[in-house]
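S.K.: If you read the protein sequences in the order shown, they are chains D and U.
Under the UniProt record's numbering, read the first sequence as residues 1 to 433, first letter to last.
Under the UniProt record's numbering, read the second sequence as residues 1 to 433, first letter to last.
Hints in this document: simulated from the structure, not taken from any laboratory.
Honestly, I wouldn't trust all of these hints.
Note: identical chains are not told apart, hence a pair may lie in one copy or across any two.
[Said to hold, decoys possible] In silico DSS-like pairs for lysine-lysine, Cα to Cα no more than 30 Å straight-line:
id, residue 1, residue 2
1, K67, K392
2, K147, K255
3, K382, K315
4, K25, K306
5, K273, K293
6, K2, K147
7, K105, K315
8, K178, K382
9, K127, K254
10, K67, K11
11, K175, K147
12, K133, K147
13, K147, K106
14, K392, K105
15, K127, K278
16, K96, K373
17, K147, K254
18, K28, K392
19, K147, K258
20, K28, K288
21, K178, K96
None of the values given here were measured: they were computed from a predicted structure.
There are 2 protein chains.
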Amino acid sequence: MKRTLSSQVPKSIGKEVLVEGWIHKIRKLGGINFLVIRDRSGLVQAIVGGEEAIEKLKDLTTETVVKIIGNVVKEDRAPGGAEIHVTTVEVLSPVKEDLPVEINKKDLNVNLDTLFDWRPITLRAPKQRAIFKVQAEILSAWRDFFKENDFTEINTPKIVEAGAETGGAEMFEIKYFKKKAFLAQSPQLYKEIMAGVFERVFETAYAYRAEPHSTSRHINEYLSLDMEMGFIDSWMDLINIHQELIKFILESLKKNAKAEFELLGATLPEYVKIPVIKLREAQEILEKEYGEKCVGEPDLEPRHEKQICEYSNKKWGTEFIFITHYPSKKRPFYTMDDPESPEETLSFDLLFRGLEVTTGSQRIHRYEDHLEKMRKRGMSTKGFEDYLNVFKYGMPPHGGFCQGLERLTARFLELDNVKEASLFPRDMNRLRP
Amino acid sequence: MKRTLSSQVPKSIGKEVLVEGWIHKIRKLGGINFLVIRDRSGLVQAIVGGEEAIEKLKDLTTETVVKIIGNVVKEDRAPGGAEIHVTTVEVLSPVKEDLPVEINKKDLNVNLDTLFDWRPITLRAPKQRAIFKVQAEILSAWRDFFKENDFTEINTPKIVEAGAETGGAEMFEIKYFKKKAFLAQSPQLYKEIMAGVFERVFETAYAYRAEPHSTSRHINEYLSLDMEMGFIDSWMDLINIHQELIKFILESLKKNAKAEFELLGATLPEYVKIPVIKLREAQEILEKEYGEKCVGEPDLEPRHEKQICEYSNKKWGTEFIFITHYPSKKRPFYTMDDPESPEETLSFDLLFRGLEVTTGSQRIHRYEDHLEKMRKRGMSTKGFEDYLNVFKYGMPPHGGFCQGLERLTARFLELDNVKEASLFPRDMNRLRP
Numbered sequence: 001m002k003r004t005l006s007s008q009v010p011k012s013i014g015k016e017v018l019v020e021g022w023i024h025k026i027r028k029l030g031g032i033n034f035l036v037i038r039d040r041s042g043l044v045q046a047i048v049g050g051e052e053a054i055e056k057l058k059d060l061t062t063e064t065v066v067k068i069i070g071n072v073v074k075e076d077r078a079p080g081g082a083e084i085h086v087t088t089v090e091v092l093s094p095v096k097e098d099l100p101v102e103i104n105k106k107d108l109n110v111n112l113d114t115l116f117d118w119r120p121i122t123l124r125a126p127k128q129r130a131i132f133k134v135q136a137e138i139l140s141a142w143r144d145f146f147k148e149n150d151f152t153e154i155n156t157p158k159i160v161e162a163g164a165e166t167g168g169a170e171m172f173e174i175k176y177f178k179k180k181a182f183l184a185q186s187p188q189l190y191k192e193i194m195a196g197v198f199e200r201v202f203e204t205a206y207a208y209r210a211e212p213h214s215t216s217r218h219i220n221e222y223l224s225l226d227m228e229m230g231f232i233d234s235w236m237d238l239i240n241i242h243q244e245l246i247k248f249i250l251e252s253l254k255k256n257a258k259a260e261f262e263l264l265g266a267t268l269p270e271y272v273k274i275p276v277i278k279l280r281e282a283q284e285i286l287e288k289e290y291g292e293k294c295v296g297e298p299d300l301e302p303r304h305e306k307q308i309c310e311y312s313n314k315k316w317g318t319e320f321i322f323i324t325h326y327p328s329k330k331r332p333f334y335t336m337d338d339p340e341s342p343e344e345t346l347s348f349d350l351l352f353r354g355l356e357v358t359t360g361s362q363r364i365h366r367y368e369d370h371l372e373k374m375r376k377r378g379m380s381t382k383g384f385e386d387y388l389n390v391f392k393y394g395m396p397p398h399g400g401f402c403q404g405l406e407r408l409t410a411r412f413l414e415l416d417n418v419k420e421a422s423l424f425p426r427d428m429n430r431l432r433p
Numbered sequence: 001m002k003r004t005l006s007s008q009v010p011k012s013i014g015k016e017v018l019v020e021g022w023i024h025k026i027r028k029l030g031g032i033n034f035l036v037i038r039d040r041s042g043l044v045q046a047i048v049g050g051e052e053a054i055e056k057l058k059d060l061t062t063e064t065v066v067k068i069i070g071n072v073v074k075e076d077r078a079p080g081g082a083e084i085h086v087t088t089v090e091v092l093s094p095v096k097e098d099l100p101v102e103i104n105k106k107d108l109n110v111n112l113d114t115l116f117d118w119r120p121i122t123l124r125a126p127k128q129r130a131i132f133k134v135q136a137e138i139l140s141a142w143r144d145f146f147k148e149n150d151f152t153e154i155n156t157p158k159i160v161e162a163g164a165e166t167g168g169a170e171m172f173e174i175k176y177f178k179k180k181a182f183l184a185q186s187p188q189l190y191k192e193i194m195a196g197v198f199e200r201v202f203e204t205a206y207a208y209r210a211e212p213h214s215t216s217r218h219i220n221e222y223l224s225l226d227m228e229m230g231f232i233d234s235w236m237d238l239i240n241i242h243q244e245l246i247k248f249i250l251e252s253l254k255k256n257a258k259a260e261f262e263l264l265g266a267t268l269p270e271y272v273k274i275p276v277i278k279l280r281e282a283q284e285i286l287e288k289e290y291g292e293k294c295v296g297e298p299d300l301e302p303r304h305e306k307q308i309c310e311y312s313n314k315k316w317g318t319e320f321i322f323i324t325h326y327p328s329k330k331r332p333f334y335t336m337d338d339p340e341s342p343e344e345t346l347s348f349d350l351l352f353r354g355l356e357v358t359t360g361s362q363r364i365h366r367y368e369d370h371l372e373k374m375r376k377r378g379m380s381t382k383g384f385e386d387y388l389n390v391f392k393y394g395m396p397p398h399g400g401f402c403q404g405l406e407r408l409t410a411r412f413l414e415l416d417n418v419k420e421a422s423l424f425p426r427d428m429n430r431l432r433p
């Protein structure tokens with residue numbers, strides 16, 4: 001007999017089905033046992049009445065893996081409008097110890113440490129599963145969008161000799177045979193090299209930051225969604241394709257993750273063209289509207305990011321906002337300065353619901369321009385030879401951006417802590433499970 | 001004026017176009033310059049005749065990035081049947097040093113060290129690009145197949161406290177703040193945990209092996225394609241879905257990568273149902289057909305893998321073959337032994353064109369069965385607590401397999417060395433670029 005998924009049971013009224021899954025709930029009432037069985041597709045109610053079957057269930061607890069056979073009966077009070085009247089029960093896999101966390105309540109109501117310490121169990125709770133269903137959907141949509149736009153997927157090394165950004169600072173050190181190596185903090189150098197090969201490339205892979213602090217906005221191992229695009233006419237090409245990307249992701253989520261957003265009580269935004277304003281303009285708004293004396297500061301504070309998103313929502317009807325033209329001294333050396341205002345760069349962040357979810361820019365593409373900028377910054381080229389080398393051999397005008405998948409997921413689902421959007425988060429104090 | 005891709009130029013005969021790309025070839029003949037321009041879509045021929053334009057080209061070398069404008073003219077002798085008569089040339093990015101490798105010949109004709117030392121340049125050669133176009137297609141098809149089969153994509157940590165397979169041996173060590181950690185050699189533990197959450201999961205991410213040898217079959221950082229599937233009836237469910245996967249990948253390559261296979265002179269196999277034989281049977285064939293005295297050995301030697309694939313091709317018309325039932329002592333402890341023959345396991349490898357490209361098995365899913373097997377092997381449970389823990393809380397019968405993307409690509413394209421299928425390979429002696 002072939003397995004029927006729980007979501008398909010209501011389509012089999014009057015028929016016998018075989019269902020496999022976990023006992024999500026069990027309730028004994030008189031001589032009858034009410035079970036709720038959970039499988040990958042959802043939940044289904046099952047009624048066990050026979051003596052033999054009840055005997056088998058006697059000592060079983062939730063999370064026991066069972067195979068049941070029974071007849072599907074219309075029952076308006078059951079989820080999906082049907083339930084199974086069980087004839088046989090078989091235990092596929094028992095539970096050996098008391099569950100550390102009850103996962104069949106509406107909410108888990110545990111603190112973050114418990115949530116992560118018992119990840120193999122807490123992830124089975126419907127709301128936790130929903131978070132990672134949405135995450136898988138965002139990731140899939142992200143890749144599909146770039147494939148449809150003629151980008152080539154690349155896989156670049158995470159074991160590197162030095163960092164493109166900082167040359168070793170805030171990077172995890174590895175013993176690589178007899179040498180010292182580091183975990184890549186970004187695929188920056190490699191995606192630029194590959195823009196010289198395929199013009200348009202993307203990569204979805206882990207990046208590592210050895211930042212020794214534990215905040216609700218950071219994790220030390222995160223999935224970096226990276227794109228790089230050659231032959232741009234200006235940095236606005238990057239903003240434009242990013243607008244299209246957000247639209248595409250929103251449409252995919254609407255189509256494929258509506259149930260998860262509902263379960264989690266999160267609002268899926270409608271696409272509205274995202275406003276693009278300079279950092280300076282944002283600061284003027286913050287001063288005028290919120291009394292924040294921040295004009296001329298090199299970056300926005302976390303509370304400013306919240307305020308400007310709130311403002312964007314009020315004024316333009318979207319919780320997204322592009323902030324552009326960050327000062328040159330606050331952006332990595334490879335960022336192109338604005339020829340019309342050399343203290344500023346052709347760079348941008350995308351903020352969403354109060355948090356930066358994207359960083360991007362046009363890059364310098366001529367070798368001499370790199371040397372000149374490094375000279376002006378008083379930077380040595382030492383340690384950056386590999387990075388600089390490729391610019392000797394014809395690199396097109398290019399730029400790109402990156403997003404953190406966990407941050408993006410957390411903002412879409414309005415989670416308090418970015419770690420909640422990581423299956424097995426890594427931070428200063430957490431290395432397992 | 002909007003950019004036209006080189007592949008679209010033949011559709012614009014009689015019109016003016018703007019093309020951007022690299023000078024792939026340049027040849028001066030009398031007062032005329034013949035250029036071949038390369039962009040992401042291919043190559044196009046361009047003729048420069050005007051004095052001013054020729055002056056601009058005077059000192060230019062191949063790989064210079066240019067923007068040209070000109071009229072498209074029918075020309076049967078040009079690739080695509082059209083060429084551009086250039087009116088203006090603009091240099092977007094010059095070449096500053098002599099190219100270390102000529103990349104515009106049919107073949108590169110360089111040794112592997114040169115190939116990898118100059119990766120930013122050698123990857124631009126059409127045949128090198130084709131390898132990674134095929135690789136991107138395999139990766140995309142691999143994910144699409146599992147998504148269509150109701151698998152959920154997961155992202156599991158690569159920074160781990162201990163190894164699921166060996167508990168630390170042959171793993172790269174990381175300084176993780178004040179602790180010692182390792183780079184994951186496989187997502188084994190995590191994908192099993194996640195089969196307990198979503199039943200069907202897949203992951204495409206790097207895995208790391210600190211094997212201190214340099215062969216044509218190994219790299220130390222490789223992209224591991226992992227799947228795990230709950231509620232299997234038997235290990236044959238895994239073989240069956242793997243058959244479908246291979247069929248799906250072959251169809252995708254036929255549809256989307258035909259040109260690349262042709263350019264590389266590689267044969268794309270037709271799908272034929274892949275034979276499934278036990279190791280013991282394979283050894284008997286090797287003895288009978290090739291005079292190899294190997295019956296009873298715990299594994300196949302590299303030359304045996306070549307011979308058995310050759311045999312499969314002759315006998316069954318496919319260069320793929322599943323070898324099953326490897327001896328228990330040669331497989332990891334979590335592999336399920338065959339209840340009918342406990343010295344053997346419910347495990348399999350897929351061989352393709354002489355090389356193992358997949359390893360898989362049904363896993364043990366009951367806690368006591370794990371303890372019993374570890375006891376029988378004389379293994380301590382120390383270091384495996386996290387792995388074992390999840391089996392206390394109801395794990396379904398499950399199994400899975402993994403493939404190395406680079407190996408798979410190398411066998412499809414009949415490359416001599418698996419490193420040729422890695423953009424920036426890492427081995428004992430190579431940590432850059």
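S.K.: It remains to establish, for every hint, whether it holds in the given structure.
M.R.: Here is what the structure says about each hint:
1. K67 / K392: between (65 Å within a copy, 18 Å between copies)
2. K147 / K255: both (19 Å within a copy, 15 Å between copies)
3. K382 / K315: Cα proximity of K382 and K315: none, with 47 Å in one copy and 59 Å across.
4. K25 / K306: neither (41 Å within a copy, 53 Å between copies)
5. K273 / K293: within (29 Å within a copy, 71 Å between copies)
6. K2 / K147: between (37 Å within a copy, 21 Å between copies)
7. K105 / K315: neither (40 Å within a copy, 58 Å between copies)
8. K178 / K382: both (22 Å within a copy, 29 Å between copies)
9. K127 / K254: Only inside one copy: K127 and K254 sit 18 Å apart there, 41 Å across copies, limit 30 Å.
10. K67 / K11: Answer is within; shortest intra-copy Cα gap is 19 Å, inter-copy 61 Å.
11. K175 / K147: neither (36 Å within a copy, 37 Å between copies)
12. K133 / K147: Classified as both; 21 Å inside a copy, 12 Å across copies.
13. K147 / K106: between (38 Å within a copy, 28 Å between copies)
14. K392 / K105: between (61 Å within a copy, 21 Å between copies)
15. K127 / K278: Neither: 38 Å inside a copy, 44 Å across copies.
16. K96 / K373: between (64 Å within a copy, 17 Å between copies)
17. K147 / K254: both (20 Å within a copy, 18 Å between copies)
18. K28 / K392: Between copies only: 24 Å across chains, 75 Å inside a chain, cut-off 30 Å.
19. K147 / K258: For K147 and K258, the Cα distance is within 30 Å both inside one copy (24 Å) and across copies (18 Å).
20. K28 / K288: Result: close neither inside a copy nor across copies, 63 Å intra and 64 Å inter.
21. K178 / K96: neither (45 Å within a copy, 35 Å between copies)
The structure shown violates the earlier hints numbered 3, 4, 7, 11, 15, 20, 21.
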